[in-house]
Amino acid sequence: MKRSIPILCAKFPWKRAGFTLVEVLISSTIFVSCLVLALVAVNLYGMRVYTLAATKITATASARKVMNQIRESIRSASSVSVGYYSNAVFSPIPLGTNQIGNALEVIVPGSGFTNFYYQDATTSPTNLWMVDQNGNKTPLLNYMTNVNCFSEQDCYGTNLLVFKDSPVVCVTFNFVQWEFPLAAVTNTGALDAYDYYRLQTRVSTRN
Amino acid sequence: MGFTLVEVMISFLLLALVVSGVILGYTQANRMADYTAMSYAGMAKSLQGAEAARSAHWDPQGFPPGTGMGTPDELPANNSVPLVAVVTNIDFMDMPTKGTPDSTNFTCWVTNYIYVTTLSVSPNMRQIQSDAIWFYPPTGATVTNTTILLRAPDE
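Going down the list, the sequences are from chains R and C.
Taking our numbering, the leading residue of the first sequence gets 1, the next gets one more, and so forth.
Taking our numbering, the leading residue of the second sequence gets 208, the next gets one more, and so forth.
Rather than coming from a laboratory, the hints here were simulated on the basis of the structure.
In this text, all values refer to a predicted model and were calculated from it rather than measured experimentally.
Take these hints with a grain of salt, some might be off.
Claimed, not checked - To spell it out: a stretch of chain C is covered by chain R in this simulated footprint if at least three of its residues, at any positions, have a beta carbon under 8 Å from a beta carbon of chain R; those stretches are:
| # | stretch |
| --- | --- |
| 1 | 259-271 |
| 2 | 337-350 |
To be verified - Straight-line Cα separation of at most 30 Å, BS3-like style, residue types lysine-lysine; simulated pairs:
| # | chain 1 | residue 1 | chain 2 | residue 2 |
| --- | --- | --- | --- | --- |
| 3 | R | K56 | R | K164 |
| 4 | R | K164 | C | K305 |
| 5 | C | K305 | R | K65 |
All C-beta atoms in this analysis are idealised placements derived from N, C-alpha and C, irrespective of residue type, glycine included.
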């Protein structure tokens with residue numbers, strides 16, 4: 001009569017009932033396959049997130065660089081003024097109206113030179129330009145969506161209507177960029193495919 | 208001879224622990240990236256508030272004396288304990304957002320409190336403290352970015 005396994009195990013403890021190597025190998029193979037698939041999926045997800053973050057950082061990097069340049073210009077200026085720039089002519093905002101405009105006039109101390117930063121919605125893709133004292137234009141930013149990106153404010157954050165000795169210059173850049181690589185064009189008119197960015201800074205003209 | 212069910216289960220458990228650690232590492236890295244972006248935006252807002260407060264006109268010798276816009280002391284100190292904000296602004300954080308830019312698209316808001324206190328009377332010196340307070344959704348924590356400046360009068 002063939003002995004049953006429990007009796008065999010009781011008599012020979014080292015011959016315990018258990019999974020054979022083949023069984024364990026098969027189950028391990030299935031488990032490891034699932035594991036590898038999961039790890040690959042997680043890795044791919046990580047790469048997509050990395051690419052997305054890199055895209056966003058790249059999108060804002062140039063804008064931050066320009067913002068730094070403008071901030072340093074304002075800090076070192078002897079005088080600044082917000083207005084409109086059109087056809088190579090700068091027009092200050094009249095007193096009594098909100099000091100918001102598409103251009104910033106920066107007077108370089110000591111030299112009397114004047115630089116202008118202005119937003120031009122008619123030029124594509126570059127919208128933000130700098131004009132130096134010789135009239136040379138330098139492109140600064142692309143794909144901006146807000147025209148009036150410069151304003152003068154008081155210490156409470158209210159837009160100024162009148163001249164103030166030491167205003168706060170508020171610089172705001174709005175722009176959109178395709179959300180690579182996760183963009184999905186949907187029924188909402190492809191708006192889901194784009195990210196909206198805003199960069200803002202306030203600079204006091206006080207030294 | 209073979210492996211018992213308990214042995215196999217324990218080995219799988221150990222493996223699952225290792226894998227969950229790897230996945231947790233990924234999610235934690237993402238959370239920290241989110242937190243860093245929000246903290247950066249909060250710090251930017253805090254600096255903006257400090258910069259605005261720094262621009263206030265303050266001339267203790269000015270005549271006629273007074274406080275408020277157009278007076279020699281545009282942003283007067285408030286030395287109350289606990290501190291009372293002299294300026295409060297609520298704005299959305301400068302973070303990439305989907306869709307068109309309107310208030311319904313922004314879920315990350317920041318409140319900027321500006322405190323101005325007298326640090327010294329002779330010589331005149333004030334402290335400007337700008338707190339940007341925001342909410343970090345994954346942990347439910349309220350986070351504050353603070354900028355502190357000292358300023359002297361305009362005279």
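Hint by hint, here is what the structure shows:
1. 259-271: Result for this restraint: holds, n = 6.
2. 337-350: Check failed, 0 qualifying residues.
3. R/K56 <-> R/K164: Since the Cα atoms of R/K56 and R/K164 sit roughly 37 Å apart, the hinted pair is violated (cutoff 30 Å).
4. R/K164 <-> C/K305: Outside the cut-off at roughly 37 Å; violated.
5. C/K305 <-> R/K65: holds (23 Å)
Checked against the numbered hints above, the structure violates hints 2, 3, 4; every other hint is satisfied.
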